[in-house]
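First to last, the protein sequences are chains A and B.
So the working numbering is basically just the index in the first sequence, starting at one, shifted up by 31.
So the working numbering is basically just the index in the second sequence, starting at one, shifted up by 209.
One or more of the hints may lead you astray.
[Stated by the list, open to error] Straight-line alpha carbon distances no greater than 25 angstroms define the calculated DMTMM-like cross-link-like pairs of lysine to aspartate or glutamate that follow: (1) Lys319/B / Glu90/A; (2) Lys322/B / Glu133/A; (3) Lys212/B / Asp231/B; (4) Lys247/B / Glu57/A.
[To be verified] Pairwise CB distance ranges (calculated): (5) Lys110/A / Gln266/B: 41 to 51 angstroms; (6) Glu268/B / Ser60/A: 25 to 35 angstroms; (7) Thr214/B / Leu114/A: 28 to 38 angstroms; (8) Ala40/A / Glu235/B: 32 to 42 angstroms; (9) Asn267/B / Pro49/A: 43 to 53 angstroms; (10) Asp102/A / Lys326/B: 41 to 51 angstroms; (11) Ser88/A / Val223/B: 41 to 51 angstroms; (12) Glu268/B / Gly47/A: 43 to 53 angstroms; (13) Ser221/B / Ser89/A: 34 to 44 angstroms; (14) Lys225/B / Ser60/A: 42 to 52 angstroms; (15) Ser89/A / Ser324/B: 27 to 37 angstroms; (16) Arg141/A / Asp227/B: 25 to 35 angstroms; (17) Gly47/A / Arg237/B: 40 to 50 angstroms.
[What the hints assert, rightly or not] Some chain A residues flagged as far from chain B (calculated, every beta-carbon gap over 10 angstroms): (18) Ser32; (19) Pro45; (20) Ser48; (21) Pro49; (22) Glu53; (23) Glu57; (24) Gly58; (25) Gln93; (26) Ser98; (27) Asp102; (28) Gln104; (29) Lys110; (30) Ser117.
Derived by calculation from the structure, the hints in this document are not laboratory data.
A virtual CB, placed ideally from N, CA and C, is assigned to each residue, including glycine.
Chain by chain, the residues:
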Amino acid sequence: SQTIHQWPATLVQPVGSPLSLECTVEGTSNPNLYWYRQAAGRGLQLLFYSVGIGQISSEVPQNLSASRPQDRQFILSSKKLLLSDSGFYLCAWSLPSPGGTEAFFGQGTRLTVV
Amino acid sequence: AQKVTQAQTEISVVEKEDVTLDCVYETRDTTYYLFWYKQPPSGELVFLIRRNSFDEQNEISGRYSWNFQKSTSSFNFTITASQVVDSAVYFCALSEALYGGSQGNLIFGKGTKLSVKP
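Bound conformation, chain A alone (with noise of 0.2 angstroms):
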């Protein structure tokens, strides 16, 4: 069965301090990946996917940067935190498809940036 890693769990930071949130799946290849950030109050905004190892597509412009070093490794990163940046980061994976596929999700990294 497949499985999905994301940590750490929770991230004090201090503004302008790089960060390195690290998400793995397990037990499928060629994983669609994303990222997803739930700020305070609000829904679920996508930040990055990614189709294939070195693809990635961002959704909105922002301070965050990722990559997809592996096949089924996907890393959310930033040289210099904002606190805007504060929220709750989940990566999630779905099959390779057009469309149409549910997403799984790990349990999120809470981030809060002081």
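Here the structure of chain A is known, so what remains is to put chain B in place on it, guided by the hints.
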């Protein structure tokens, strides 16, 4: 453009009551998919159901049921005989079927927070 609206921000019910969560969507495509997810206090999103635009049959799974009405662009979710464990934020989502290598990503509503009190 795609859009999902969940007009109910918060709902509070007493255990054993039935509750319906509303979802209205907008899309220009004739082929699309609708989803419901549950987010318990732990934060992880749990997939509940997927429905494609060609299948308007209502679905029932235990105490959960879904009513898909294309005529009103709605995909409502009903919990029968609610329980305290149903307390969570529920998200409705939409995905378009894109072809030629494009990816149909999930567009989420803002969620409805359901509180079930004993």
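For Lys225/B and Ser60/A, compare the CB-CB distance with the range 42 to 52 angstroms and indicate the outcome. For Ser60/A against Lys225/B, whose Cβ atoms are near 45 angstroms apart, the range 42 to 52 angstroms holds.
Indicate whether the distance between the beta carbons of Asn267/B and Pro49/A respects the range 43 to 53 angstroms. Check passed, 49 angstroms falls within 43 to 53 angstroms.
Does the Cβ-Cβ separation between Gly47/A and Arg237/B fall within 40 to 50 angstroms? holds (43 angstroms)
Closest CB of chain B to the CB of Pro49/A still more than 10 angstroms away: Pro49/A is indeed farther than 10 angstroms from all Cβ atoms of chain B, at 24 angstroms.
Confirm or reject the claim that Ala40/A and Glu235/B have a C-beta distance inside 32 to 42 angstroms. Check passed, 35 angstroms falls within 32 to 42 angstroms.
Range hint 28 to 38 angstroms (beta carbons of Thr214/B and Leu114/A) holds or violated: Check passed, 29 angstroms falls within 28 to 38 angstroms.
Below or equal to 25 angstroms on CA atoms is what counts here, so check Lys247/B against Glu57/A. holds (22 angstroms)
Regarding the assertion that Gly58/A does not contact chain B, is the least Cβ-Cβ distance greater than 10 angstroms? Answer for Gly58/A: holds, closest chain B Cβ roughly 16 angstroms.
Hey, Lys319/B versus Glu90/A, does the alpha-carbon distance stay inside 25 angstroms? holds (18 angstroms)
Separation of Glu57/A from chain B, once the least beta-carbon distance is taken, above 10 angstroms: holds (16 angstroms)
Looking only at beta-carbon atoms, does the pair Ser221/B, Ser89/A fall within the given range of 34 to 44 angstroms? Holds: the Cβ-Cβ distance is about 38 angstroms, inside 34 to 44 angstroms.
Closest CB of chain B to the CB of Ser117/A still more than 10 angstroms away: Non-interface label stands for Ser117/A: nearest chain B Cβ at 15 angstroms, farther than 10 angstroms.
Checked against the numbered hints above, the structure breaks none of them.
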